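Undergrad: Residues per chain, in single letters:
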Amino acid sequence: MAFPIPGDAIEPHLNLNQYLIDSPASTFFFRVGGNHKRCQTGTQEVQPGDLLIVNRALDVGHQSLIVGIINGEFIVSRVQKRAGKWVPLTREDDNAELSLTIWGVVIVIVRNVSAAPLCLA
Amino acid sequence: MFGLIDCNNFFVSCERVFQPELEGKPVVVLSNNDGCVVSRSNEAKQIIPMQTTLFAIRHLVNQGKIHAFSSNPVLYRDMSRRVIATLEQFSPEVEQYSIDEAFLGLHRFPADSLTDRAQQIRRRVHQWTGIPVSVGIASTKTLSKIAAHLAKRDPSLEGVLNLETVASLEGLLTQVEVGKVWGIGRNSKAKLNAAGIVTAWQLRQAEDRWVQKHLGILGLRTMLELRGTACFAIQTVEPQKKMRIVSRSFGHLVTELADIKEAVATYTTRCAEKLRLDGLAAGCLSVSMRTSRYRDSHPYQAARSAVLEPPTNDTAVLIRTAMRLAEAAFELGYEYQKAKVIATELVAVNEIQGNLLAEPVDSEQQVRLMQVMDRLNRRFSSDTIKFGALGLSPDWKMKSAYFSQQYTTDWEALPQVEVWSAPGHSFPIDR
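So the protein lines, in turn, are chains Y and W.
The first sequence: position 84 = 84 (my numbering), numbered continuously.
When you read off a place in the second sequence, starting at 1, and then add 1000, the result is the number in my numbering.
Hint data in this document are derived by calculation from the structure and do not stem from the laboratory.
Treat the hints loosely; a few may be bogus.
Not everything, but these chain W residues come out facing chain Y in the computed CB check (under 8 Å) [claimed, not checked]:
#	residue
1	Q1127
2	D1208
3	V1419
Taking lysine to aspartate or glutamate pairs in the DMTMM-like style, the calculated list, with each CA pair at most 25 Å apart, reads [claimed, not checked]:
#	chain 1	residue 1	chain 2	residue 2
4	Y	K85	W	E1177
5	W	K1242	W	E1331
6	W	K1065	W	E1095
7	Y	K85	W	D1112
8	W	K1180	W	E1043
9	W	K1261	W	E1345
10	W	K1274	W	E1158
11	Y	K85	W	E1207
12	W	K1338	W	D1259
13	W	K1025	W	E1158
14	W	K1152	W	D1078
15	W	K1065	Y	E73
16	Y	K81	W	E1177
17	Y	K85	W	E1164
18	W	K1152	W	E1164
19	W	K1025	Y	E97
20	Y	K81	W	E1021
21	W	K1242	W	E1207
22	W	K1025	Y	E45
23	W	K1065	W	D1078
Values in this document were obtained by computation on a predicted structure and should not be read as measured data.
For glycine and all other residues, C-beta sits at the position ideal for the given N, C-alpha and C.
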């Protein structure tokens, strides 16, 4: 909630937003839902509870990690092109008839790897 | 040349960016306090008129036939800022006209490329922000507004109308009711209609002297703009108008919330006076406080901000907001040295208009009360008349039964995404 206070001396500090976000106008945050027990899904690239930084300005490429829409719901997946359409990249070939709309490209995954909760204040 | 970029069904579009399941369904956004419908998806436009009360459509909402949302101004403002920031890539001359409209100076672009450029703007804004927009292009601001209005309504135009490429301006302006012309208010419309002027084209063809006599110099300019003579330029906000700050160090270190609040109330009163003197209203108010930089071994500083929707310079509203912010920022156990009140997102009072979210901006009675206060305080010593800041019992809880989330400004309200797994296979995902 803090904002820069004009007129006050500005103390230099490292700003993660500045480091991670090149295009604030097109960049959005998402939270990965699902089961928070890490043991179940620990090998997955994207895990429940992760914070995703998504840039809508970027073009999708082969194997891009994207946030997209399937059946009106947000999903996160890597994608590949099949018959001119982007589909989720999975081991099966049963995704051909899926209708996937790309929402944006994931540029950063933020994950708390400690036992302590992150400060969200 | 000028462009007018108009966000389509803006509030509904903001909701849809983060709720993809609403795509293709009738969706409405309600005014403050869930009073009436102020934004409709195209599907909802088929079913209900604008300004319909929630009461009248409640049965449809309850049956799930219409998706209704309470106004979420924080989200809309954030999305509006993103749209403006995207537009600023195309031209240094961007004038935000309202939360969902902006004028763009297009003088740098070759005239024959403007339609393509407008399509590019439209695609870019949609890709970057998820908000669909319509673009009107013309030689004046007034005509560009008409162009955008028509571009929005005719799907065959694909969201862009460049009036320079229109074969018959007469045919087009004849379709536009004179009351829809930018700058023609209810009174002017009545006068024009009484004189038999019903369409924008008729106003364009009217006699200069008659128009100036009956509608004044602004009416004359509007008419000239309809003829293609630019009378209004892009207005970018002057930097010194962007904020008003009142801050002071306390005479002695302060530790109690009550004392801080009193100081903040006083600063806010000053700040409101400054705003009224300049004919401005604040869209955002911030309160900050801090301990001494030198004496205190435990430094503390905090700031809180609130959106004011609609923008206001009403001392009572500002103090109520400032008190809430001061309470939120205050932490017990510190010796405070300084507090600050900052009003930002300033808009000229006479430009607050047409924001359908709003209850009437500042009622006339309230405005007169402020004027009297300011006059007395200027004439006698300051604070001859003031608000009993702590005695006001604010009624903060507005009705907003269908509130969506502040998807872009609240860590706890981020949109949620599920890891994709092919149906009937691999990792089950709990819902």
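Undergrad: Which of the numbered hints above does this structure break?
TA: 2, 4, 5, 6, 7, 10, 11, 16, 17, 21, 22, 23
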